[in-house]
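Novice: Here are the chains, one letter per residue:
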Amino acid sequence: MRIPALVPVLLALLLSTQGAAAEELVVIVHRDSGISTLSREQASHLFLGRVKMLPPGGRANVVEVEPLRASFYRRLLGREIAEINAYWARLQFSGRTQPPLRVSDSAAAVARVAEDPQAIAFVDAVPDDPRARVVLRLGP
Amino acid sequence: MAPEPVSDGDEPTRAFRRVRRTRGIAFRTTASILVFGGLVGGIAAVGSAKLIEHKEHRRLNDALVESMAAVQRTASVAAYARDEQLAAEVVAGLLQSSSVAHAEILEGDTVLAAVGANTASASPNGAALRGLLRSPFDASETIGELRVIPASAFIAAKAADYSRLVASLLAVLVLSITLGVAWLVGRGVTRGIGRLAGELHGLDVVSGSKVTAPAGHAEDELGRLAGDINALLERMDAALAREREARGLHAAAERKWRLIFDNAGSGLFTLDAQGGLVEWNAALVRALGLKDDECARGGASLAELLGDGAGRLERMRAAIVEGSEAASADFERRDADGGSRWLHVVLNAVEGGGELLQGIVNDITERKHAEDKARAQAERDALTGLLNRRGLERAYSARLHEYAGTAGLGVLLVDLDGFKWVNDNHGHEAGDELLQLVARRIEGVVRRSDKVARIGGDEFVLLLDDLKSMSMARNIAAKLVDVLSQPFAVLDGCKVRIGASVGVVFTQYPSGQMAELLRRADAAMYEAKKAGKSQYCFAFPV
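Heads up: the sequence lines are chains A and B, in that order.
Once you know that position 125 of the first sequence is 124 in numbering that gives the first Met the number 0, the rest is easy, because the numbers rise by one and skip nothing.
Once you know that position 323 of the second sequence is 322 in numbering that gives the first Met the number 0, the rest is easy, because the numbers rise by one and skip nothing.
Simulated from the structure, these hints should not be mistaken for lab results.
Among the hints, erroneous ones may be present.
[Claimed, not checked] Distance ranges between label pairs, derived from CB positions:
1. A/LEU137 <-> B/ALA156: 51 to 61 Å
2. B/LEU128 <-> A/GLN91: 21 to 31 Å
3. B/GLU65 <-> A/GLN97: 30 to 40 Å
4. B/ALA155 <-> A/PRO66: 55 to 65 Å
5. B/ALA116 <-> A/GLU23: 33 to 43 Å
6. A/GLN97 <-> B/ALA91: 15 to 25 Å
7. A/ASP104 <-> B/ARG57: 56 to 66 Å
8. B/ALA155 <-> A/GLY57: 46 to 56 Å
9. B/ALA91 <-> A/PRO139: 39 to 49 Å
10. B/ALA156 <-> A/GLY56: 52 to 62 Å
11. A/GLN91 <-> B/SER175: 56 to 66 Å
12. B/LEU128 <-> A/GLN97: 31 to 41 Å
[As the list claims (entries may be wrong)] Away from chain A, derived, C-beta distances all over 10 Å, residues of chain B:
13. VAL34
14. VAL110
15. PRO135
16. ALA230
17. SER339
18. GLY351
The structure displayed is predicted, hence computed values, not measured ones.
The beta carbon of each residue, even a glycine, is placed where N, CA and C say it ideally should be.
Please take these sequences and the hints and turn them into a complete structure.
Specialist: Structural data, given as structure tokens:
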């Protein structure tokens, strides 16, 4: 009789992750950055350090929200976080390409973007701050 | 047993005794194995060197490709992130390998990092290895290229080095095996054969010695060979012994026959195809009355020794050669001292002797003399010692056969006149004595070579040979008539007188029977008697 007892627990777990994933992730920049929208590819290049300049010019300051990284990269690239970490581990070896700044939650990321016209970050909800502009939406 | 002579022109005696070192089985076998091994080893080494060089070349290239694969991921990351530093690290890592001449990472058309020699000089054949770099996050997106130019010269040199190493190891291995095999063959087989051959070579067969199997070969083929050799030696020994024994027996038989031959009473000899003496015994020397040295010269002709001028011996020889079994004849041999010997010679063919003849000579002189004496007595008149009728006939036929001249022959028939009166009046003894006296007187008139015979009681015949003319016959006839008309003294001085009537036949070409001549002489004598006795009368020529 154990297995029937476990079924609701597993279902609950599944529903809770789905609940978290169900949230929309958005990429935001400063409203003065000159960027109105970004393609998924552009976003990928910026977050993975392939492109180090924002499209209008100037160095991009990339910010990651630690708890959202796995979800974000899965949605953006269809890759697991371990692959992304491995990628950065290789690049850190040379020291030339720096990984993005990591913050602990979306609020901190929004705050960064609000302060820095060169900043770009992903957060779990469209921010209230008028200085932040959503340039890419990654649906569930 | 004489060793098989080795035909070697320059040094015959040594070659005969000793096998040249370079011709020995051990040397040739070892040399053959070494040459074969060396050849195989060489071919294997050269062949393997080529193969190994090729393989090694491929292996080094494969290794290069593998090391490229190993850094491909990092290179992709470096290209993706356009990180020259990381790219430089990657290519520097690749260049650590000596097989790499040049390495570079391209992002798009941009060279992110390049190390090593100039592209052009490093890759004369342009055989660059290329690895496409794909995005780490999208395998379908090509973002650059990892390009490596192998250090071909180095790889080739390394492959060559390696192949040389393997080839030399192989050569050493083959050489070792070859030497090992050569040593084993030499030790195991050829040395044994060599020892056996040497022992057999130096063997004294007469002493009955044997060869021994080489140590350790008692049970194998060499042991069997040694055993067979010993068996052969024993058989040869036995055969030699038998041969010696047979020779001894033969020599004894030969001596026996020689003794018989030498001591035979008859002369024994053999003749060759030319009639020369080959062998003869002492009896032959005696029979021929020769001195030893006359006979001692080999091939002396028997015909000459017999004094056979007419070649009768040669005819006998020819008859036998033509197939007669034997031939015999009597020969009269005149000695140097004037005497003569009669020899009976029998010739036989020697069975299986080709044209060789054998013969026997017996001295029949005494028998011959006895025969002659008997015959002489049979042909003589016992009373007067003159020939009788048979003797006369023989003398006539001998004259007829042996005389070839043209001189005349006279036949005189003498008949005594008045003999019957003497016989009747003085007795038979007086008659016999008278006949003897008449015979002596007739002999006194004729020549030694003339023949005188008494063919009847008081009838005498004279054969006068070699008459030059008729007048010689006439003279003798006249003389006969004269001497026989003289008185005879018989029986102690009793004188008697008789006469003789003579019929004469003279012929230059005598032929036919004696009786015919006598008949004509008798007719002529009768004419003389009719004419008055004591005279002669010639027969009419035919």
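Novice: Would the least Cβ to Cβ distance between B/VAL34 and chain A come out above 10 Å?
Specialist: Fine: 63 Å to the nearest Cβ keeps B/VAL34 off the interface.
Novice: Is it true that the C-beta distance of B/ALA91 to A/PRO139 lies inside 39 to 49 Å, as the hint says?
Specialist: At 45 Å between Cβs, range holds.
Novice: At the C-beta level, are A/GLN97 and B/ALA91 separated by a distance inside 15 to 25 Å?
Specialist: holds, 22 Å
Novice: Between B/GLU65 and A/GLN97, is the Cβ distance one that fits in 30 to 40 Å?
Specialist: holds, 32 Å
Novice: Between B/LEU128 and A/GLN91, does the C-beta distance stay in 21 to 31 Å?
Specialist: Check passed, 29 Å falls within 21 to 31 Å.
Novice: Given a hint of 56 to 66 Å, does the C-beta separation of A/GLN91 and B/SER175 actually sit inside it?
Specialist: Distance hint for A/GLN91, B/SER175 holds at roughly 58 Å.
Novice: Quick check on a hinted range of 55 to 65 Å for B/ALA155 and A/PRO66, using CB atoms only.
Specialist: holds, 58 Å
Novice: Are all beta-carbon distances from B/GLY351 to chain A longer than 10 Å?
Specialist: The assertion about B/GLY351 holds, with a minimum of 122 Å to chain A.
Novice: Far enough from chain A: is every CB of that chain over 10 Å from the CB of B/ALA230?
Specialist: With a cut-off of 10 Å, B/ALA230 remains clear of chain A, as the shortest Cβ separation is near 92 Å.
Novice: Confirm or reject the claim that B/LEU128 and A/GLN97 have a C-beta distance inside 31 to 41 Å.
Specialist: Because 33 Å falls inside the window, the suggested range holds.
Novice: Are all C-beta atoms of chain A more than 10 Å from that of B/PRO135?
Specialist: violated, 6 Å
Novice: The hint says 51 to 61 Å between A/LEU137 and B/ALA156; measuring C-beta to C-beta, is that right?
Specialist: holds, 57 Å
The earlier numbered hints that this structure contradicts are 5 and 15.
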